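Numbering (the working numbering), first residue to last: 378 to 515.
Incorrect hints may have been included.
[Claimed, not checked] Pair by pair, the computed Cβ-Cβ distance ranges are:
{"#": "1", "residue 1": "S421", "residue 2": "Y473", "range": "29 to 35 Å"}
{"#": "2", "residue 1": "I443", "residue 2": "N471", "range": "15 to 21 Å"}
{"#": "3", "residue 1": "L498", "residue 2": "S421", "range": "20 to 26 Å"}
[What the hints assert, rightly or not] Pairs of lysine-lysine, BS3-like flavour, derived with a Cα cap of 30 Å:
{"#": "4", "residue 1": "K457", "residue 2": "K394"}
{"#": "5", "residue 1": "K414", "residue 2": "K394"}
{"#": "6", "residue 1": "K505", "residue 2": "K414"}
{"#": "7", "residue 1": "K394", "residue 2": "K505"}
{"#": "8", "residue 1": "K419", "residue 2": "K404"}
{"#": "9", "residue 1": "K419", "residue 2": "K505"}
{"#": "10", "residue 1": "K394", "residue 2": "K419"}
{"#": "11", "residue 1": "K505", "residue 2": "K404"}
{"#": "12", "residue 1": "K457", "residue 2": "K419"}
{"#": "13", "residue 1": "K394", "residue 2": "K404"}
{"#": "14", "residue 1": "K414", "residue 2": "K457"}
{"#": "15", "residue 1": "K414", "residue 2": "K449"}
{"#": "16", "residue 1": "K404", "residue 2": "K414"}
Derived by calculation from the structure, the hints in this document are not laboratory data.
Since we're looking at a predicted model, the values are computed, not measured.
Glycine included, C-beta positions come from ideal geometry on N, C-alpha and C.
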Amino acid sequence: MAFLLPAIGGCSSSESKLVTVCEEVLKLRLLAPAGYKRVEIKESNEPLNRADYQRYLAGDEYGPLIQGARMKDFDQGRVKPLMFEVLITYDAPNAYGTPIRGTSRCQYPTDNEDTSRADRLYVMVDGKTNADWLETQR
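Let's have the full structure, built from the sequences with the hints guiding it.
Right, dumping it as structure tokens:
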């Protein structure tokens with residue numbers, strides 16, 4: 378299920394929290410965040426398979442007991458995890474001030490259909506959480 382949101386510069390009341398959080402994280406990674414201009418937003422989601430769900434649980438703070446219980450819930454069909462994705466096409470200045478068009482992929486895995494608890498700590502932009510990205514900036 379994919380849909381387009383209007384290409385506007387600010388946050389509208391109908392915009393999902395996930396889009397807002399994804400843009401916040403993306404802007405933190407730009408050389409000149411003030412020059413960021415949204416071109417297009419595409420949101421989608423798809424079910425996580427068993428291996429991806431297990432990888433998601435292993436990457437979080439859950440201990441082995443909770444991971445095992447959640448995998449049991451998954452195997453019994455009580456949990457239907459989803460990967461929400463936001464593709465952000467934007468213009469932003471490079472190091473020379475020239476606007477360059479870019480596209481970033483923001484992902485947010487969840488055990489349910491709720492993205493209202495999306496947070497800068499838990500979204501991945503271009504495959505990296507904020508902590509992963511900060512580690513590469515040293």
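Which numbered hints fail: 2, 14 and 15
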